[in-house]
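Given these sequences and hints, build the entire structure.
What follows is each chain in one-letter form.
Number of protein chains: 2
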Amino acid sequence: VRIVKYLAYHHDGDEPTKELMFRAKQTLERAAAEGVRVAREEQRRFLEDFWERSDVIVEGAPLLQQAVRFNLFQLAQASARVEGYGIPAKGLTGRGYEGHYFWDAEIYTLPFLIHTAPALAKNLLRHRYRMLDKARQRAREVNERGALFPWRTINGDEASAYYAAGTAQYHINADIAYALVHYVRATNDSEFMAQCGAEILVETARLWAGLGVFSERKGGRFVINGVTGPDEYSALVDNNTFTNLMAQENLRQAARVVKWLQDTDAEAHAQLVEHTGLDDAELEMWEKAADLMYIPYDEELRLFLQDDGFLDQERWDFENTPPENYPLLLHYHPLVLYRHQVIKQADVVLATFLLGDAFSYEDKRRILDYYDPLTTSDSSLSECIQCIMAAEVGDDLRAAEEYFMDVVGIDLADAAGNVRDGIHVASAGGTWMALVNGFGGMRERDGVLWFRPRLPSRMKRLAFKVRYKECMLAVDITERGAEYALEEGDRMTIVHNGETMSVRRAHMLQRPLQ
Amino acid sequence: VRIVKYLAYHHDGDEPTKELMFRAKQTLERAAAEGVRVAREEQRRFLEDFWERSDVIVEGAPLLQQAVRFNLFQLAQASARVEGYGIPAKGLTGRGYEGHYFWDAEIYTLPFLIHTAPALAKNLLRHRYRMLDKARQRAREVNERGALFPWRTINGDEASAYYAAGTAQYHINADIAYALVHYVRATNDSEFMAQCGAEILVETARLWAGLGVFSERKGGRFVINGVTGPDEYSALVDNNTFTNLMAQENLRQAARVVKWLQDTDAEAHAQLVEHTGLDDAELEMWEKAADLMYIPYDEELRLFLQDDGFLDQERWDFENTPPENYPLLLHYHPLVLYRHQVIKQADVVLATFLLGDAFSYEDKRRILDYYDPLTTSDSSLSECIQCIMAAEVGDDLRAAEEYFMDVVGIDLADAAGNVRDGIHVASAGGTWMALVNGFGGMRERDGVLWFRPRLPSRMKRLAFKVRYKECMLAVDITERGAEYALEEGDRMTIVHNGETMSVRRAHMLQRPLQ
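First to last, the sequence lines map onto chains E and S.
Converting from the first sequence to my numbering requires adding 22 to each position, the first position being numbered 1.
Converting from the second sequence to my numbering requires adding 22 to each position, the first position being numbered 1.
Since the hints were made in silico from the structure, they are not lab data.
Here the structure is a predicted model, which is why all the values come from computation and not from measurement.
Hints are all accurate, no fakes.
Note that the list lumps identical chains together, so a pair holds whenever it fits in one copy or between two copies.
Derived pair list, reagent style SDA-like, types lysine to any residue, alpha-carbon separation capped at 20 Å:
1. K240 / D334
2. K156 / Y354
3. K240 / L333
4. K144 / R207
What follows is the structure, given as structure tokens:
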């Protein structure tokens, strides 16, 4: 006897159960009529399509290739059906974080989607747009203007009642704005920007404008006090560099997009003004706040500070911290962590990746040299970023490779010891970023993709595809050099190791590595 | 028919219910045998005795006299049966704060008891000694050395799970040490210091020694980072001036008392060393930490700062805060309060009262001038201290009197609107302090009581008694001057308006007011 069992589900927050039952029944009947072979074919096509546009080829270490694909497959699972929802920190694989999603979605998962499946990226950003009214309410709840996106949420309501290492992370606003601008630049989807994005930018910029203040004591600079940055081993600090730089970008992009809309789409601009009550004085204030944004810097160390008081804290005594005391948050009271120089996850270092142009090469190097030894990587959001920046400024790839091995294996090897609660979606996205932005050296600058490929010792070949504007670029890195070819589109300008090149369809370009 | 109903209770945490029932029955039988008249007489004697040693006479405003006595009566109620317990913030009058007690007991209620009923003060301090082992455990829980007394408690266990405006207020340790030293100085009870106090001082000093650190960036000064001071509208700050000064005093007193014990009572000293594992290097370190204690100060404003970052915060917009938005904590998110210069309760100002000798007269004046306008007095621990300092440094008594009217009436007039949750014991203690330390101008310096009496416009006479060492001093202030008389003891040195005087039994001294 052979039994074939069909199972169907439909979900929709607004429809009555009866309607969903009806739809599920219809789907079931169709599936039964078509047979299991058709369903299997559909699934195969879906996955073939996924691998065709998303695979990253790593030759020379079969286990590594498998681990990379395990991570990519997690991204496929987590993002395949995101219509109207976000991507939870654990995807659909476990109960960790109660199904909530965080800024990980925008900063760690979205880049992969933007460059391999932009329609999904758009779905996720549209979902943020849909919760804008709740974000406006939330801003009122915390006595601020504009909108404040929830630190953790399922349906747009703030699900965190804890501010120190939670809702005080206002940077969530700037992270969403950053991802939005990244998406639109990479897709030329100006329609989405006009219809949804501009309103998000306006309301998030407003939050920053109200949260910070021009400080007489800081020579008129715009300061943002009492926030928590990405590093959750510091809390309620003044002028977190990551937050201030991301807010600066948020303010600038908001002003830029409003002006662009004014110049190019009077109707959309009029609608935006109507929806938001925007006036021109606000734009001026945003630009002024961005221009005068205060970033703490120590002249003696020539170092960007994580926050105003960071250097005033005692250095953590790593030498006398036994290995079993990590992650520190499970063994030390938060107050002890807060009053030490000890970092849970890349913070200034993350800024040097996301906003690389705000830093000189020497700045980035000093930042990594100073903060990396203080970083415990107790968060799974950390090592992919440390890998990328170690690959950018390291003399060799040893440190980057070490970080990469941790990133790619966190769930397969259960290195964090908590995979029973679900896998780490952000680290899966981080795996892709470590390969593409780290070893591939990909950065976006002025609407152009820059590459600076480096081949790790464990790999004989690293190959991936990235979608950018109307093109799909295939990048193939071996010891002989890097090959660039267009799989879609006619012509694409790229920069390889500082050399601007035009890649044309059917004309593969090859250049040596550094 | 006349029905007389007798009711008895006994309480004891260790005895079985049966034993307590037996005792209650015995008490009831005795009471019934003696009759209600005897019980009433006992109660009358108890209260006569209380008023005899504790009354503060305020002539010229009958309602004010009544309000003062209402507060003193609350102190009688709250402290009469404290054997083995603390004094909860609401006494026994309501469920506010779940019956917990705080630092109020030591800083706001104990001064009254020390100077009117030292046996009760000793009971309370002995109770703190009994919880020293739990305080040691608590210090381990938060990864510190020595002992950390609970921020709120009933039985010695920390009952607060919240650190920002709660357990981060490490100053509780120094408050207890301060009260202990005050008690011993005022009573000459060196036996209690030897048997209980020294151990408390050692363990609290150890906490400070471990909590702070000598900072290279601050020129080797001893800094204490990441704490919350008395003002709960700031949280997790570096170098809260109140905390650092109180910690300095705690460290110094600990070193002094250990040396005194070593010199005067070898046995007690040996026992202390055995109980605490104390070594001489610790004493040196405490003295060094105290000598090098960092106190934030702004040279330009010539102002002691509430904490390192206080001036970097935006000034609260009092002008545009409607009256119905007070107390602010019920209308603004803590993060909003934290990033503004706005104060819930006297903080640096409290330090200028408790540790007056650390400040010049001009310092105190500038401190009151700067911080008082920023203080909302949203805590009932605030205005009594503002009253005292306004009386000390004000050109006239207008501000002090205004504060006093708020303090004395908080429960009678239900000014805070929450008397249904119980009365404010600390404010009752604060009433006594406002009268004695404020208008009476009483301070303790080098084992001598100093007075600088000023008569508020509403009063024709202010008279009170204070017990100090083996003496009981009666102070009687009218427009004609201040009269000092000894009711117990043979001779007492006091200072009136800077003039050192010797008061002898049966020789009343009179001096003009300023």
